[in-house]
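Turn these sequences into a full structure, and let the hints guide you.
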Amino acid sequence: MKSNRTWLAAGVLAAGALIAGAAGTSIAAQDDTAAAPGAHGPRGGHHGHDGMGKLLAQLNLTAQQQASVKAILANAQPQMKTLHQELRANRQKLQQTPPNDPNYANVLAQVTQDDGALHSQMITQHESVRAQVFKVLTPAQQQQLAALQAQAQGHQH
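In this text, residue positions in the sequence shown follow our numbering: the first is 120, and each later residue adds one.
Careful: at least some of the hints might be erroneous.
Label pairs and their in silico Cβ distance ranges [what the hints assert, rightly or not]:
hint, residue 1, residue 2, range
1, E205, Q272, 22 to 30 Å
2, Q240, N179, 29 to 37 Å
3, N179, T231, 39 to 47 Å
4, D220, Q268, 38 to 46 Å
5, T181, Q268, 15 to 23 Å
6, A186, G235, 32 to 40 Å
7, P218, A259, 54 to 62 Å
8, A259, A193, 23 to 31 Å
Straight-line C-alpha distance at most 35 Å; calculated DSBU-like pairs for lysine-lysine [stated by the list, open to error]:
hint, residue 1, residue 2
9, K200, K212
10, K254, K189
11, K200, K189
12, K254, K212
13, K189, K173
14, K173, K200
15, K254, K173
No lab work stands behind these hints: they were computed from the structure.
A virtual CB, placed ideally from N, CA and C, is assigned to each residue, including glycine.
Put into structure tokens, the structure is as follows:
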């Protein structure tokens with residue numbers, strides 16, 4: 120079960136990487152337009168959160184493609200932020216409940232159930248954004264992105 124949670128957490132981080140990273144410096148730097156404050160996400164570019172942005176930067180996106188990707192990411196950011204906040208609140212609720220609390224098992228069960236639903240929503244949102252961004256790319260860029268992602272996966276393992 121722990122390996123499933125680890126895998127799911129990695130998926131969530133990948134969602135954050137796509138949304139936070141691609142909205143961050145890589146595309147903004149190509150566009151020579153300043154990114155909005157906080158566009159890098161709550162942790163800046165730490166822990167690979169700018170990975171997708173770096174991959175997209177290697178695709179030589181046109182100005183129109185950059186604008187489209189920024190719009191997609193900007194539209195997705197509020198929902199992802201809300202999901203992250205809800206997950207954080209659940210984690211705090213669990214951490215604030217001592218294990219010897221008579222209601223601890225109920226709190227744990229509820230937090231686990233809620234987190235599962237929130238992670239599911241995050242994965243759905245991430246894949247929606249990924250599909251929208253993919254549609255902006257030319258067939259050649261789609262192939263190049265797939266190759267870059269496969270290469271990046273090889274370096275992570």
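Now the hints, each set against the structure:
no.	hint	in the structure
1	E205 <-> Q272: 22 to 30 Å	holds (29 Å)
2	Q240 <-> N179: 29 to 37 Å	holds (33 Å)
3	N179 <-> T231: 39 to 47 Å	holds (44 Å)
4	D220 <-> Q268: 38 to 46 Å	holds (44 Å)
5	T181 <-> Q268: 15 to 23 Å	holds (21 Å)
6	A186 <-> G235: 32 to 40 Å	holds (36 Å)
7	P218 <-> A259: 54 to 62 Å	holds (55 Å)
8	A259 <-> A193: 23 to 31 Å	holds (26 Å)
9	K200 <-> K212	holds (18 Å)
10	K254 <-> K189	holds (14 Å)
11	K200 <-> K189	holds (16 Å)
12	K254 <-> K212	violated (40 Å)
13	K189 <-> K173	holds (14 Å)
14	K173 <-> K200	holds (21 Å)
15	K254 <-> K173	holds (18 Å)
Hint compliance for this structure: hint 12 alone is broken.
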